[in-house]
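Peer 1: Listed below, chain by chain, are the residues.
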Amino acid sequence: MSAPQPVIVTDEPATGSGSGGPRAESPAPAALPARAKRRGRRVPLLLIVPTLALLVVALGYPVCWQLATSFKHFGMLQQFGQPPEWVGLDNYKAIVTDPDLWAVVARSIAFCLVSALTTVAIGGGLALLMQAVGRVTRIILQLALLLAWAMPVVASMTVWVWLVDWRRGLLNWLLVRLGVDAEGHNWLAEPLSFFVVAAVIVVWMSVPFVALSIYAGLTQVSTEVLEAAQIDGAGGWQRLRYIIVPLIAPVLSIVLLLQLIWDLRVFTQIKILQDAGGVANETDLLGTFVYRLGTGAGDFGTASAVSVFMLALTVALSWYYVRSIMKEES
Amino acid sequence: MNSPSSTTTSNRSARGALTTLVTWVLVLIFFFPVFWMVLNGFKPESLASSVDPTFIFKPVTEGYQLAMDRGMAGYLQNSLTAAVIATIISVTLAIPAAYALSIRRVKNVENSLSFFISTRFMPLAAIVLPLFMIFKTIGLLDNIYMLAVVYGAMNLPVTVWMMRSFFLEVPFEIIEAARVDGAGMFREIVRIVLPLVLPGVAAAALISFIFAWNEYFLALLLTSSAARTTPPFLGSFVDGRGQFLAVLSAAATIAALPVIIAGWAAQKQLVRGLSMGAIK
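Chains as they are written, first to last, in numbering that gives the first Met the number 0: chain Z, 0 to 329; chain B, 0 to 279.
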């Protein structure tokens, strides 16, 4: 096979190279004997069954449990065996009328939008840069991105917590030397600066994936088209705006959507920053909110209702993604 | 006045120098936290938590010693168990599934596909409480094998999806030739398809391993002591006082090392696998 063919750009944006993956479309050629043909229909199903079974048991069942629990009163007593009481929509009523929840939802959506858009913008810039620089520089950049991506989140969080620490952090040390009065300023104490720090960290961690994906998309843009545009007098900006961006639009939109979904459920970064000195209830996002409700308050009923709400939000977002992938497939 | 051509050339070389400079700054930004972590791990505690950052010092292994004294070996072993079992589960189940979704397509393949894709987006928060309660009821809380099975299941959609895209690139002529020669399906998968997609399988396995090795949220809730993995152990160091920086850095370096080595060794496959849009 020639160039790598990322799934996310299956409908080749480049000029008419639509002969990307034809073999898959003809799975049962007429030449095969009838027996094989019949087996060819039933056996593949058996091949998927174990996978489906595990997913249903490990992911499907918990979701059903969650849905059922969201209609029950399920507190500390129920955790120790008392049968939960059916309360209908009470948990949902409680969360819908809880101003705390709406604050958390609003924060989560704002945080998710800002981080996802920034990530895609920076990732796209990096991808362009990777194309512009020489081979050695590109490989080193890719390696640095890969390192940042592969670092255990908790491990890189420890460095970030140190960077913004109010007594010994590098950030304050640098700012003081630059003449800013930041001595002993705690960036995690204020919700706004807390979220700026969190967004920077989330972006730093997500950019490698986005940059590498977009770069893979860029390599599919045919150079002939770009050269033709250049001969026709299109400047760099024009080529980017009118040729490159439209051609890699499928990658861009899918990467953006994935980021939105992932940033909506961000947990680890927020939890660790809170542990390091954030004011918990003012800095909760959906993930930490559910965690606190479930483990701290032990109120599984309400926590389940919030989870179902979060799941619905994610399904609404990913539905578009699934459909657009399906469209490309057919 | 310069001739137009020489202006463009000097412009271009200036721009080239600028892009190279920008790239190096970015390399630094992405590399620095990793570098600083490794550096801090070799400092004595007093230097690691000093107000002025130190770059030159006499390296000591005090941090590593302390991390090991805190029982890090046990956490690492748990992480390894969970990651290896999860990888084995997801890869062995994903190979036949990916085959059935690419080469020998199941009828209504779109339905199974959208099901796989949608499970990829499941917010962890949406299943963690039920898992907690189920494990508690059957007495398997704090059990590393159960955690491994959950990780395996969570990795499955990603590995299936990734491998499928590699399987799609196997030329159908080769498979057809094997079938004409009378190769059965098992033979066809093991002898013909797998050797061709081995890099893809390796990439999927690696990504699956990395995910399980780094996972924090589920490990935090579903394990407490016997089955605790490395990420929650690292997380327990982070507090509001910023102590134990050297120990923490040393421990984090040990935790990151296998992933970084694997990532370095399989760089090409990983970049390719990442661009398959299948990770995280």
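I should point out that these hints are in silico values taken from the structure, not numbers from a laboratory.
Treat the hints with caution; some may be incorrect.
Claimed, not checked - Result set (DSSO-like, lysine-lysine): computed pairs, CA atoms no more than 30 Å apart in a straight line:
#1 K71/Z <-> K135/B
#2 K92/Z <-> K135/B
#3 K71/Z <-> K92/Z
Peer 1: Are the hints correct? Go through all of them and say.
Peer 2: Here is what the structure says about each hint:
{"no.": "1", "hint": "K71/Z <-> K135/B", "in the structure": "holds, 19 Å"}
{"no.": "2", "hint": "K92/Z <-> K135/B", "in the structure": "holds, 29 Å"}
{"no.": "3", "hint": "K71/Z <-> K92/Z", "in the structure": "holds, 12 Å"}
In summary, this structure violates none of the numbered hints.
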